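K.L.:
Each residue of the sequence shown is one higher than the one before, counting from 9 in my numbering.
Derived by calculation from the structure, the hints in this document are not laboratory data. If you're wondering where the values come from, they're calculated on a predicted model, not measured in any experiment. Among the clues, some could well be false.
Ranges between beta-carbon positions, derived for each pair [unchecked claim]:
(1) Arg64 - Pro10: 11 to 21 Å
(2) Ala79 - Leu48: 15 to 25 Å
(3) His47 - Leu84: 34 to 44 Å
(4) Gly28 - Leu48: 29 to 39 Å
(5) Pro45 - His67: 17 to 27 Å
(6) Arg64 - Pro41: 10 to 20 Å
(7) Arg64 - Gly16: 19 to 29 Å
(8) Pro45 - Asp65: 16 to 26 Å
(9) Leu84 - Asp30: 17 to 27 Å
(10) Arg85 - Gly28: 21 to 31 Å
Positions of the beta carbon are idealized from the N, C-alpha and C atoms, including for glycine.
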Amino acid sequence: MPTKIIDGYEVEFTGELLEGTDQWGAYVAIFAPSSNPMHLTTVCPKRRVAADLTLRDQHAAETEAERAAAAILAELRA
9 MPTKIIDGYE
19 VEFTGELLEG
29 TDQWGAYVAI
39 FAPSSNPMHL
49 TTVCPKRRVA
59 ADLTLRDQHA
69 AETEAERAAA
79 AILAELRA
């Protein structure tokens with residue numbers, strides 16, 4: 009699962025094969041640091057983003073998940 013640190017948030021984005029199909033879905037989870045260095049605070053639990061969009065392969069799904077994560081982070085900063 010690809011992970012990036014963006015503005016102090018740990019962002020996990022992935023593409024997962026949708027059950028019973030040959031299409032892929034985009035998923036995002038976002039975490040923030042906590043007072044305990046061994047723990048992260050869940051800001052946005054893993055969820056499918058762009059639920060009305062199915063993608064042709066894992067790379068396309070991960071790209072869409074990364075785009076959606078940027079939009080979620082922009083909302084958090086507002």
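K.L.:
Determine for every hint whether it applies to the structure shown.
P.N.:
To see whether the hints hold, each was checked on the structure:
| no. | hint | result |
| --- | --- | --- |
| 1 | Arg64 - Pro10: 11 to 21 Å | holds, 18 Å |
| 2 | Ala79 - Leu48: 15 to 25 Å | holds, 21 Å |
| 3 | His47 - Leu84: 34 to 44 Å | violated, 19 Å |
| 4 | Gly28 - Leu48: 29 to 39 Å | holds, 32 Å |
| 5 | Pro45 - His67: 17 to 27 Å | violated, 33 Å |
| 6 | Arg64 - Pro41: 10 to 20 Å | violated, 36 Å |
| 7 | Arg64 - Gly16: 19 to 29 Å | violated, 33 Å |
| 8 | Pro45 - Asp65: 16 to 26 Å | violated, 37 Å |
| 9 | Leu84 - Asp30: 17 to 27 Å | violated, 34 Å |
| 10 | Arg85 - Gly28: 21 to 31 Å | violated, 37 Å |
The structure does not agree with the numbered hints 3, 5, 6, 7, 8, 9, 10 stated previously, though it agrees with the rest.
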